[in-house]
Amino acid sequence: DSGVTQTPKHLITATGQRVTLRCSPRSGDLSVYWYQQSLDQGLQFLIQYYNGEERAKGNILERFSAQQFPDLHSELNLSSLELGDSALYFCASSPKGPGRTEAFFGQGTRLTVV
Amino acid sequence: AQKITQTQPGMFVQEKEAVTLDCTYDTSDQSYGLFWYKQPSSGEMIFLIYQGSYDEQNATEGRYSLNFQKARKSANLVISASQLGDSAMYFCAMRYQGGKLIFGQGTELSVKP
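These protein sequence lines are chains B and Y, in that order. Quick note: the first sequence, position 33, residue 33 per this note's numbering, numbers continuous. Quick note: the second sequence, position 37, residue 1037 per this note's numbering, numbers continuous.
Mixed in with the good hints there might be a few duds.
Covered by chain Y, per the in silico footprint, the following chain B stretches (three or more residues, Cβ under 8 Å) [as the list claims (entries may be wrong)]:
hint, segment
1, 32-43
2, 75-88
Calculated cross-link-like contacts (lysine-lysine; reagent style DSS-like; alpha-carbon spacing at most 27 Å) [unchecked claim]:
hint, chain 1, residue 1, chain 2, residue 2
3, Y, K1073, B, K57
4, Y, K1112, Y, K1016
5, B, K57, Y, K1003
6, B, K57, B, K9
7, Y, K1003, Y, K1112
8, Y, K1112, Y, K1070
Far from chain Y by the CB rule (all over 12 Å, computed), these chain B residues [unchecked claim]:
hint, residue
9, S2
10, I12
11, T15
12, V19
13, T20
14, G28
15, L61
16, R63
17, F64
18, Q67
19, F69
20, S93
21, S94
22, A103
Just so you know, these hints were derived from the structure itself, not from any lab. Using N, Cα and C, we set each Cβ at its ideal position, and we do this for glycine too.
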């Protein structure tokens, strides 16, 4: 168990809908990262939050947004969903500091858009 | 731009034998980190091993070792004494710019009994 909790584990929704994915990082970790894993694009970095503030953006669509709350949990909001948004969405967390700041991943949320 | 390349889409290995999974990377940064993750069929990403760009010795974690050749920009994963439970996708990744990771396309390892 990595200590990172993601809910829900599975989500099935229709095109055009909006969903929210939730992530609780490991205790004490300030950074949260969101990744998308799809068959055609592989694993891609979406966005990073550090202690409540957005730190970096990757290949995140404008229809997607995220935030990190004061208790450090994070939510990824996906709207106007399309079939191509079907993917495994991972949250990862890592502590502040230099050195081996490996990211610990949650079990992922498998999103299916029908 | 940063890039990770894994050239072996699939690999087979006999149980109890060693196997090497290849990874090459490209970056202009002097400070970076290299990781290997395992993704079994259940989907979770499991951290295996880490190598810092300034580490002079190759990293080892149990049956996993990382063959780091900085001049060649390669970071191959060696799994010794393969077990059936090692069958999974393996991803090489590089940390850059504050902690985000860029991943390779992965290698699917199948361990034969």
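Hint by hint, where does the structure go against what was stated? Just the numbers, ascending.
Hints 2, 7, 8, 9, 20, 21, 22 not satisfied by this model.
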